[in-house]
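There are 2 protein chains.
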Amino acid sequence: MRTPLILTAVFLLATFAAAQSQPQLNLTPMPASVQVGSGQLPINQLFSVALTGSHDASLDDEVKRFVTQLSRQTGIPFRPKAGAEATLQIHADHGRQAVQKLGEDESYELTVNETGAELTAPTALGVLRGLQTFLQLVQITPTGFAAPAVTIKDQPRFPWRGTLIDVSRHFIPIDVLKRNIDGMAAVKMNVLHWHLSDDQGFRVESKVFPKLTGMGSDGMFYTQEEIRDFIAYAHDRGIRVMPEFDIPGHTHSWYPGYPELASGPGPYTLDGDGLDPIMDPTRETTYKFLEKFVAEMARLFPDAYFHIGGDEVDGKQWDANPQIQAFIHAHGMKNNQDLQAYFNQRLLKIVAKNHKIMVGWDEILHPDLPKTIVVHSWRGQKSLAEAAKQGYSGLLSFGYYLDLMWPAARHYAVDPMSGDAASLTPEEQKRILGGESCQWAEWVTPENIDSHIWPRNAAIAERLWSPQNVTDVASMYARMNAVSLDLEFLGLTHRSARQHMLHRMAGTADIAALRNLADVVEPVKDYNRWDDAKGPIDFHAPLTRMIDAVYPESDTAHRFSELVQTFVQSGYKDPAAEAQIRMWLTTWRDNDARLRPLLDQTFLLQEDGPLSQDLSALGAAGLQALDYLDKAQPAPDSWKTQQLALIDQAKKPMADLLLMVAVPVQQLVEASASQHN
Amino acid sequence: MRTPLILTAVFLLATFAAAQSQPQLNLTPMPASVQVGSGQLPINQLFSVALTGSHDASLDDEVKRFVTQLSRQTGIPFRPKAGAEATLQIHADHGRQAVQKLGEDESYELTVNETGAELTAPTALGVLRGLQTFLQLVQITPTGFAAPAVTIKDQPRFPWRGTLIDVSRHFIPIDVLKRNIDGMAAVKMNVLHWHLSDDQGFRVESKVFPKLTGMGSDGMFYTQEEIRDFIAYAHDRGIRVMPEFDIPGHTHSWYPGYPELASGPGPYTLDGDGLDPIMDPTRETTYKFLEKFVAEMARLFPDAYFHIGGDEVDGKQWDANPQIQAFIHAHGMKNNQDLQAYFNQRLLKIVAKNHKIMVGWDEILHPDLPKTIVVHSWRGQKSLAEAAKQGYSGLLSFGYYLDLMWPAARHYAVDPMSGDAASLTPEEQKRILGGESCQWAEWVTPENIDSHIWPRNAAIAERLWSPQNVTDVASMYARMNAVSLDLEFLGLTHRSARQHMLHRMAGTADIAALRNLADVVEPVKDYNRWDDAKGPIDFHAPLTRMIDAVYPESDTAHRFSELVQTFVQSGYKDPAAEAQIRMWLTTWRDNDARLRPLLDQTFLLQEDGPLSQDLSALGAAGLQALDYLDKAQPAPDSWKTQQLALIDQAKKPMADLLLMVAVPVQQLVEASASQHN
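These protein sequences, in sequence, are chains B and Y. Per numbering that gives the first Met the number 0, the first sequence starts with residue 0, numbered consecutively. Per numbering that gives the first Met the number 0, the second sequence starts with residue 0, numbered consecutively.
Keep in mind the hints are simulated off the structure, nothing from the lab. Possibly wrong hints are sitting among the right ones.
Which copy is meant is left open, so a pair is good if it fits within one copy or across any two.
In silico DSS-like pairs for lysine-lysine, Cα to Cα no more than 27 Å straight-line [what the hints assert, rightly or not]:
(1) Lys352 x Lys100
(2) Lys63 x Lys210
(3) Lys287 x Lys370
(4) Lys80 x Lys533
(5) Lys177 x Lys63
For reference, chain B alone in the conformation it holds in the complex (with noise of 0.2 Å):
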C-alpha cells in the first residue's frame, strides 16, 4: 500500500513546464507514476464517456458527476454524437462496498492520447480517483481544452487521509460540510473525522436522549436524517465519515441535560459555570447511559472506525470530588490518568460490543488498553512512532492543525514517516496508517471556514497520497494555486467568502485599497489570538474582523518574496524583477491615503489604521532602498537605523494582523546599506 514508487521525469516537468514547451500537469496529489506523452487529446462538443465493467447507481452517478464538472471547468456543453466511440473510456473490475473500509484498493490507470482515454482500476473507487485526476489534466491551451497525453500509474501512500472539521464550537451546516467533501475528493482524501460534540454545542440529534441537543446545543443541530443523507453523500465520492464524540473531558454540553454524568454537583448551563467539567468514570450509571448512546450512534455511523476522543482530560473536578478520590485508592490506581484508562477500557468494551474499532486522542496511550486501538497524535510526532513501537495503529494530526494558520510549506514538510517514525522496522511503518488535518471551530463560521481549510488542505492532502520524495515546495505551490481555483468551481468560497467579508466592512465604497491591504496581511499565527488572561472566548461573537476575512496564507506577500530573492540573486540586475517590485511598493506606499477615508468610517476597520500605515511605510522604504541600489549608492547608517526600526514596528502583530511584506523589505534595505561602490 505505502511502497513509495519511482518518480517520472513527469514531476520535474511540473516545476519548470512553464519556460518549456511541455505541458505542465497541475495535479494535486501528485500520482505515483507520471509519463508524458506526446501530444494532447482535445476535448470538445464531443465528449463522451463509456463505462464498463463492473458499475453500480453509485458509480454511475460519479461519472454524471464527473461530466457536469468537467463542462462547468471548460464552459462546454457537451453533444456527443450517438453511436460514436466514447472519448473517455472507464473500466473498474469491482463496484463499491456498502460501506467504505480502511484500505479499500483506490489505485487506477489512466492513459491519455490523442484521439482518447482509458481509465482502469480493480475498484469503483479507483475510478474516482482517477476521474478526479482527468479533470486536473483537462487544461487550456492555444488550441482549445485539451489533455496531454500521458500514462498515470496511480495509489496512495497511506490508507487514511482525513479531514477534521469541528462543528461544536461552530455550527457548520450540511451544505456546508457538503462542498468541503467535494474538494476533499478533489484531492483524493477519503476521511471526514466529524467532531460532533465539545463544551460548547452537541451537535447530533439523539432519540435516545433527547436532552443532549435540546438543552446541550443552541439549536443548531444535525437530524440523523440529515445525518445519513450526508454519509450517503460522502461515501458516493469515496469518503468515510468517523464521528468523534469527545469524552470525558470536553463533555460540558453534555451536562445540561445530563448533569448525573458530571463529576461535579451541577446544575449545567450551556454558557455558564466557568469550569470545565468532565465525566465520572466512577459511576455504573455513566456507563449504562454510554451503553445506550454508543449502540445508537453505532448504527447511526456505519464507519468501522468510532472515536472517543479522550483528550485533555482536566482532572480539577475529578480531584476535588472525595468519592472520586475514594475510588482511586480503592480500586490500587495511581493518579487521574490511570482513571482514565479505567474508563477508557470499560468503553472499549463498549465500543467493541458495537463491532467498532475505538480511536482516541494520544492521551489515550496507556499499557492496559489492547493493541485494536488506534492512537490519534496530536501532541507530537513521537507519540505516534511511540504507539507504534508498542504495537498501536498511528494517525497524525500533530503538523496538521489547519487552525493554527501556518503556510502550508510547513504543514507540507510534516511527514508521518519522518523523526521517531523514521528508524521503525517496516512492521512497525504499517500501523502508521496516515493522518488527518483539523479544522477546530474557534474562530470560524459557515462564511470563513472554507477559507481556513483549502487551499493548504491540498498540501497536506499530497502529503498523505503522494510518494515521500515528492518535497518540492514550488512545485506545491504552483499547483496548489491550480487547484484552489478549480475548487471554487466546485462551489468552495475560500476565495469568494473574502470579497464578501470586506464589502461588508466597507458599506457601499470601493474595495480596491482595501484588497491590497488585505492581500499582504497574514492572522497571528498558532494560539496568539487568544490567551487566557482575555478571559474565556466568547463563541457567539461576531467573526467580521480583517483577520476573519484574510486567507491565513498570503499569496501576494509569497510572490513579492520571490521577486525579492530573484532581485537580489541578480546582484540587483533584474530590471523586470525590479520594475515590478517598485510597482508593488508604489501601490502599498500610495495605499494608506486612499484607505484612509473608509478607515474611518466603518467600525469594523478603526483598528487596522495602524496596520495600513505600517504597510505605507514599508512601501516607502523599499522605495527607497532600491533608488540607493540603483544609483549603487549605499544607504546611510542612520537611514538604515531608522527604516529598521520601523520596520520592526511593521513586524509586530497589529489588530492580530502580521505585515508579510516586512521581512522582503527588510531584504531590501539591509541590502542597499551593505552594498559596496
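Starting from the structure of chain B, add chain Y where the hints point.
For chain Y alone, kept in the frame of chain B given last:
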C-alpha cells in the same frame, strides 16, 4: 394605486449625502415618501422581531428569512434577550391570499427611531415590501451597524412590475430562477413572466402531451412538481408567476412530438428544419389539442393571467399551404393577420373557460378581440397608448429589454406614462398596469444570466415602483451599486461569475491584467452580436468568450467618464481628478504588455488581442493629452489627427466588444488641442 406622492427632502439627500453628515439612504426602489429623523437605531446582537396582527406560516417564514438575511449582511449572530421588547415590531391587518392578485395592497409604513422600529401594513404583502426596505436601511457606521431614524410611507406606482425570463433558448435551472426571485423581491418586483416554450425547447412537463418535452427538448425541462414548488417559493416572496406558451409562432419545439399541429407537412426535428414552422389555425384538431393543453397548464399555474405570446408570426408556412389560404378566403379574411385574430378569438375562449385572463404581445391587438385581454407592448410605446385608448389593459416591455445590453440609465428613462401615453385620460392611464423587463436567452447560460439581469433590473424596478418624478440618474446609479452588493449577499452571482469565467479563459495565470481589460469593455448593443448573414445561431455553442463574461455596463468606464467631466469642468485644474485619471490611463497604457503572454496562450483570448492593443493606445493618448494640458501648451494638429484616428479605430467593435473609455479619452485629446496658450 398610482397617484404620484410628493417626495420629501430625502431624495436630494440620497444624491448628495456623501458630502454631508446626513445618512445616505441606499433605498432601491426609492419609497414614495421618506422623512429622515435624527439619530439611528443600532443593530447589534440583541436585535429581535415581534409579529402581531394577522400572520401565518408564510409570513413567519418571511420574517425568519429576513432575520437570516440581516444576520448575513451584518455578520452578526443575533442573540436577543428573552422577554426584552422587540427591536422591530411588525403588524399586518390581513394575511396573504392563497393566490396573489394583481393590485393586492402592497403599501406599508416603516418608522425607525433610536430605540426601535415599527412596520405596519394593511396586508402581509406590504410587510414583505417593508422588510426589504428595512434591510436596505441598515448600514455600517463608525460605531456599528445601524438603521437611520426615518419615517417611510410607501406604495407602488404600478401594480404589475415584472421580469420575463426566457428558459427556452437556454435552459435555466430552478435554483438559478430562485435566486433571481430573491433579487426581484429585494427590489419589490412582483411578477415573474416565465417564457416556457419557444422554437428551441419546450420546458414544462405535460402529462397529457408528454412528447412536448420528450421530443421538443434536450431533456432539460421542469417537472410539474418542480413548478409547483417554484410557484410556492415565489409566492412566499410576494411574486406572481405567469406562464407564457408562445403560439402560434415560435413553436418549432411543439412539432417533433406533434407534427399535426404545424402548418407545413413535417416531419420535424428539434435541431433541424430551417423554416420557422407555425401552428395551423384552420384545423379543429389544433383547438382540441389546445383545449386539453391549456386546461392542464391552467391547473398547474394558479395565476389569473395566462400569456399566449402571439408575436412574430411568420406567415410563410401559411402562405405556402393552399388549404390554409383557402380557409382564409372561405372565411372572408383579408390576410394572415385576420387569420391570427381568428386563432386568438378561438384561443381566448379556451383561456377564458379556464378562468384565466389572456395576455399577448402587441401583435394580438385586433379590433375583433374583446377588451378583457391584456396587450403586452414590445415593439414600441405607441401600441401601449393605442391599446389603452381602445379600452385594453396594457403592459410595457419596449425599452426594458435587458438582452440589448443598454446602460441602466437608458432603461431608467423609459416611463410607461411618457410619449403617447402622457396624453391619455386618467381613465385610460389606469389601464396601463405596469411593465416587465425581458431577459431573452439567446446569449445566456445559468452561469452568466445573473449578470445580464442584475443590477440593471433594479433601475427598471424603481421606474415601476417609485413616483414618476424620481428620475435623478446619478442617485439611481449610486443606489443601484449599493443594491448590487446586497444582491451578491443574497446569493446572486452577477459579479462573481465574471471572476470564474475570466479564470477559465486564463487557465492558471494571474487575471489582474485580464480584469483591467474586462473592466472597460461592454458587449455590442442591440442585435449587433448576430446577423442573419452568419446563419442560424448555434444554441448549443459554449458561451465562454470575453463578451459572455463582461458586465453589460462598465462601472469603470462610467466612473472614468465622470472623472474626466469633473476635470474638464474644473478648467483642467483639479489635481485630485487628474491624478486619478493618470492612474487609470497608466494602468491601461501598460496593460497590453502584461496581458500579451496570456493572450497567446489560450484560445479563448486570442480574439481580444487587438482590443488590448487599442486600450494601451488610448492610455498613451490620454496621458500625452494630459501632458499638453499640464504645460498649457496646445497639442499640435498632426498629433491630434493621429490620435483621433486611433480613437476612431478603438471605437469600432472588436470581438463583439466596445471599448467604453474611447469617448472620454477623445475628450481629453480634443481639449488638449483646442486650448489656447
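Of all the hints numbered above, which does this structure not satisfy? Sort the numbers upward. none
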